[in-house]
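Each step along the sequence shown adds one to the number in our numbering, with nothing skipped, and position 173 is 173.
Just so you know, not all the hints are guaranteed correct.
PhoX-like mimics (lysine-lysine), calculated; alpha carbons at most 20 angstroms apart, straight line [said to hold, decoys possible]:
hint: 1; residue 1: LYS298; residue 2: LYS288
hint: 2; residue 1: LYS307; residue 2: LYS274
hint: 3; residue 1: LYS298; residue 2: LYS86
hint: 4; residue 1: LYS212; residue 2: LYS296
hint: 5; residue 1: LYS298; residue 2: LYS274
hint: 6; residue 1: LYS195; residue 2: LYS298
hint: 7; residue 1: LYS153; residue 2: LYS86
hint: 8; residue 1: LYS246; residue 2: LYS296
hint: 9; residue 1: LYS153; residue 2: LYS212
hint: 10; residue 1: LYS288; residue 2: LYS274
hint: 11; residue 1: LYS288; residue 2: LYS86
hint: 12; residue 1: LYS274; residue 2: LYS296
hint: 13; residue 1: LYS195; residue 2: LYS274
hint: 14; residue 1: LYS195; residue 2: LYS295
hint: 15; residue 1: LYS212; residue 2: LYS295
hint: 16; residue 1: LYS246; residue 2: LYS86
hint: 17; residue 1: LYS195; residue 2: LYS296
hint: 18; residue 1: LYS195; residue 2: LYS136
Don't read these hints as lab results, they were simulated from the structure.
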Amino acid sequence: MPGIEMTETISPDYLVIGAGAMGMAFVDTLISDKEATVAIVDRYSRPGGHWTLAYPFVTLHQPSDVYGVNSRQLGDEKIDQVGYNKGLAEVATGDEIVAYYTKVLNTTLLPSGRVTYYPLHNYTGDGEFLSIATGKMFSVGPNTRIVDSTYVKVTVPSMSPPLYEVSENANLVTPNALATLKRPYGAYTIIGAGKTAVDSCSWLLAQNIDPKDISWIMPRDSWFIERATLQPPEATPNPEQLLQEKTDAIMGSKTSQEMFRRMEQLGHAHRLDKRIEPTMFRHAIVTKAEFEEVKKVKNIIRQGRVKRVTFA
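Input sequences plus hints: build the corresponding full structure.
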């Protein structure tokens, strides 16, 4: 193509694919070695990985001070005073997390003089990556170690199309669109049974949407962990007792289901309906207050996975 230069070869000690949480933490630790040089290649325009595309009302599952990189603390070690997380260690919002990683990049990594950042570049394999903006190709030399920090493949709904058919007249959106509603709707249907679904239900209820106007399609019920049991020691009234309770529940159970039932009795785990045995666990973390709120949604549809969305 006209105007596109030939491939440029670079030779850093490490090529790190992805500027999300894992990649940023790895590079932050790596540059403590005063000799290492690093190139970060990322398909997004700013660091933060999936957080850059997450819905506006998303927050961390766990306390802020256990997340991020070693060289810079996330948050101020405060206790939240309002909301579902009231009385617990603060949880950063998605915007705060993206701003945090931008600050880590601009005040720690790049000023080291040993980190080069390639935003809006796709890694194409075999040590090569391509600029989305210019089409220029880069490759690394034979002595560069390639580290893929994206191998976990974390996704949020806005990153990919749905896994089911959607008719043209169906008004299907990701949770991101809820925060930019232009008019009221007569009904809302949430698809999914994880933390994103819980967040979406909570957000709608916080906007005074009548629970009767919300339907919740739940292919499988899930276990959730109580956030109050995952607090820093200084914010936990009796951390030794809490740890012992968890240990006893885990070591004293013969099956995972028995373990979760024991944790539920201790207040360490939640499920939406005690008559239904959950078959899924993805370490989603909630507060009791949040869970009690979403239980107001009574129209829960448990008929398997969605195959097609139409507008009747």
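Cross-check of the supplied hints:
1. LYS298 <-> LYS288: The given pair, whose Cα atoms are some 17 angstroms apart, holds under the 20 angstroms limit.
2. LYS307 <-> LYS274: Violated, because 27 angstroms separates the two Cα atoms, which is more than 20 angstroms.
3. LYS298 <-> LYS86: Violated: LYS298 and LYS86 sit about 25 angstroms apart, past 20 angstroms.
4. LYS212 <-> LYS296: Distance ~9 angstroms between LYS212 and LYS296 Cα, so the pair holds.
5. LYS298 <-> LYS274: 14 angstroms, holds
6. LYS195 <-> LYS298: The hint holds at about 17 angstroms.
7. LYS153 <-> LYS86: Not satisfied, since the Cα-Cα distance of roughly 32 angstroms exceeds 20 angstroms.
8. LYS246 <-> LYS296: 29 angstroms, violated
9. LYS153 <-> LYS212: 36 angstroms, violated
10. LYS288 <-> LYS274: 15 angstroms, holds
11. LYS288 <-> LYS86: Holds, at roughly 11 angstroms.
12. LYS274 <-> LYS296: 15 angstroms, holds
13. LYS195 <-> LYS274: Answer holds: LYS195 to LYS274 is near 18 angstroms, not above 20 angstroms.
14. LYS195 <-> LYS295: Roughly 14 angstroms between the alpha carbons, so the hint for LYS195 and LYS295 holds.
15. LYS212 <-> LYS295: At roughly 12 angstroms apart (the allowed maximum being 20 angstroms), LYS295 and LYS212 satisfy the hint.
16. LYS246 <-> LYS86: 23 angstroms, violated
17. LYS195 <-> LYS296: Roughly 16 angstroms separates the two Cα atoms, so the pair holds.
18. LYS195 <-> LYS136: 39 angstroms, violated
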